[in-house]
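Number of protein chains: 2
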Amino acid sequence: MNEFEIIEEFLAIKTKNRKDVIQGVGDDCALLKVPRGQRLAVSMDTLIGDVHFLSNANAADIAHKAIAVNLSDLAAVGAEPSWITLSLSMPEFDQQWLQQFHQGLRKMVDYFGVQIIGGDTCKGPLSITIQAHGFVPEQVFCRRSTASAGELICVTGNLGDASLGLQIAKGDLDVVDEEAKQYLLDKYYKPYPQVAAGIALRNRATAGIDISDGLLADITHISQASNVGALLRWERIPLSDAALKVVGKQQLMESALAGGDDYQLCFTVKEDELDATIQALETVGSICVPIGRMTGKPGVRVLDNEEEVDIAHFGYQHFS
Amino acid sequence: MNEFEIIEEFLAIKTKNRKDVIQGVGDDCALLKVPRGQRLAVSMDTLIGDVHFLSNANAADIAHKAIAVNLSDLAAVGAEPSWITLSLSMPEFDQQWLQQFHQGLRKMVDYFGVQIIGGDTCKGPLSITIQAHGFVPEQVFCRRSTASAGELICVTGNLGDASLGLQIAKGDLDVVDEEAKQYLLDKYYKPYPQVAAGIALRNRATAGIDISDGLLADITHISQASNVGALLRWERIPLSDAALKVVGKQQLMESALAGGDDYQLCFTVKEDELDATIQALETVGSICVPIGRMTGKPGVRVLDNEEEVDIAHFGYQHFS
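Order-wise, the sequence lines are chains A and B.
Residue 7 is where the first sequence starts when you use the working numbering, and the numbers rise one by one after that.
Residue 7 is where the second sequence starts when you use the working numbering, and the numbers rise one by one after that.
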């Protein structure tokens, strides 16, 4: 098969064209229509084999995650996802792998109602770059730079699960409890981006971000962009039963605060909006857990029952 | 430096925001506005080191080419380029390389008036994925599938130069004439996409494509999508003095017909539109050279003064 046939057969998920797609896969360009009154939100992420995912993972899970990661960025600004472009580089033509990848893509595309509108494929080290596109009404969106001191910091779900799942997948963490093990592996391999929660937060959150690099790294982005500080309370961080079961406090803390890959949203709300926000997120099957507060003092700090946690050694960054 | 600092310093070319950019680099998503009455055209291409470009090439030239390749796809549909997203994967942090890359980006971004609105960077094998975005008025664009038998096939410039330049760069072709050598190397390393020509062709060409994979491969796309054949005449293919000087007929033919990387446009026009099209392209500093005709007989054929050329062994495709 040549690259065009691979795109046609495995990457271009055949569905009825969305109304906003005038021309999809198969030409030099896709031609698209952004609905009147809507802004276009776009986000691009590259996932590299054995950097962002395990190359020997099931290809359907790799596809799932590649889509999830990008839709999560749209969720952070409250955008409704519409289109996906996808570039796949792989070392050799592997039909079975591509079929699995295709199945993973199809599930996500169907689940979120998005259309793959273009892309590229070529021979090279295993790597996937996806750009997700979505719509957000004019002047209604969360930014990172709009949090204020005094506002509550909230998250949409449990933290640390994906990081523990990765440790299990890599063989660094041995878990006897089969149910907990599978739960954590699923959280790592198949995260679901908080798209509906992001849309529900449009008119409520004052700032927002998705937790991809870990809570501490991501709340630091909001703090720096908004020029305020953040004080988090360890005892309020939502944790799954599985996570509580398989590791001790120190490892749990590191996973939940710095682990990344959970793709929950972290956002700020005014205190008098909290109850309404909890209700709004409940309506879309999500939760709203207050875990701290923006402060006037720069920097990010974590208290564990009023004791300051040493967070200096947490975190991971490319090239640092 | 961490990945965010690299994006900030080297990849986010600082310019005044375009009016259609509400939020550019530095957040989860870029937020954009497509002008009323315009369609959005998008194209994504990945360039991998030592597959699509020589890894040891000057980084400014690599950046130039990565942008050029993507804008060329926009040119093919007559779109006016607006925004670029860019994901760069590189084996290690190399400040000098990044500075050169930055300079190459800046030149192209300034030249074409586009803005880099987002992207990603990570550690991995050298690879660049770019998505180019542009605008095209509603219902005015070239497609591949709209050529008809009897229409003229034209190109916007010389073919084969880039392929010969690549052979020189790889050391496979030894050229004594310094001027010809530099000319051909420049055509390979720094192609200029036919953006203005694409816009000029909006209301004239019946179908169009950019010649990235080689004339034969790309005219085959038009033929198949339009369900017609193509008959090309070798003696009409425009060739540079440099190309004519450095290789014999056989090698020239292979480079011009199958070589790729020239990023000229190939398009079809009705015969009675030819003179107007020649004038329209001249106005924007381009040319219009008729090189053949769409036919009712399926397939692509090339005649060399009425003798059929054996083209079966030409061409290159990933994974084939």
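Everything labelled a hint here was simulated from the structure, so no lab data went into it.
Keep in mind that the hints are not guaranteed to be accurate.
What the hints assert, rightly or not - Listed next, the stretches of chain B that the computed footprint assigns to chain A, with coverage defined by at least 3 CB atoms under 8 Å from CB atoms of chain A:
| id | segment |
| --- | --- |
| 1 | 38-47 |
| 2 | 173-180 |
| 3 | 197-210 |
| 4 | 237-244 |
| 5 | 277-283 |
What the hints assert, rightly or not - Listed below are several chain A residues computed to face chain B (Cβ distance under 7 Å; list not exhaustive):
| id | residue |
| --- | --- |
| 6 | V40 |
| 7 | G43 |
| 8 | R45 |
| 9 | D51 |
| 10 | T52 |
| 11 | D180 |
| 12 | V182 |
| 13 | E184 |
To be verified - The calculated DSS-like cross-link candidates involving lysine-lysine, where the alpha carbons are at most 27 Å apart (straight line), are:
| id | chain 1 | residue 1 | chain 2 | residue 2 |
| --- | --- | --- | --- | --- |
| 14 | A | K129 | B | K196 |
| 15 | B | K255 | B | K187 |
| 16 | B | K255 | A | K176 |
| 17 | A | K39 | B | K129 |
| 18 | B | K276 | B | K196 |
| 19 | B | K187 | B | K129 |
Even for Gly, the Cβ is constructed at its ideal location relative to N, Cα and C.
Hints, one by one, checked against the model:
1. 38-47: holds (count 7)
2. 173-180: violated (count 0)
3. 197-210: violated (count 0)
4. 237-244: With 0 residues in contact (Cβ-Cβ under 8 Å with chain A), the coverage given for the segment 237-244 of chain B is violated.
5. 277-283: It is violated, with 0 qualifying residues against the three required.
6. V40: holds (4 Å)
7. G43: violated (10 Å)
8. R45: With a closest approach of 5 Å, the A/R45 hint holds.
9. D51: holds (5 Å)
10. T52: holds (4 Å)
11. D180: Violated, about 29 Å.
12. V182: Since the shortest Cβ distance to chain B is 35 Å, the answer is violated.
13. E184: violated (34 Å)
14. A/K129 with B/K196: With a Cα-Cα distance of about 23 Å, the restraint between A/K129 and B/K196 holds, given a limit of 27 Å.
15. B/K255 with B/K187: holds (18 Å)
16. B/K255 with A/K176: violated (57 Å)
17. A/K39 with B/K129: violated (35 Å)
18. B/K276 with B/K196: violated (32 Å)
19. B/K187 with B/K129: With Cα atoms ~35 Å apart, B/K187 and B/K129 exceed 27 Å; violated.
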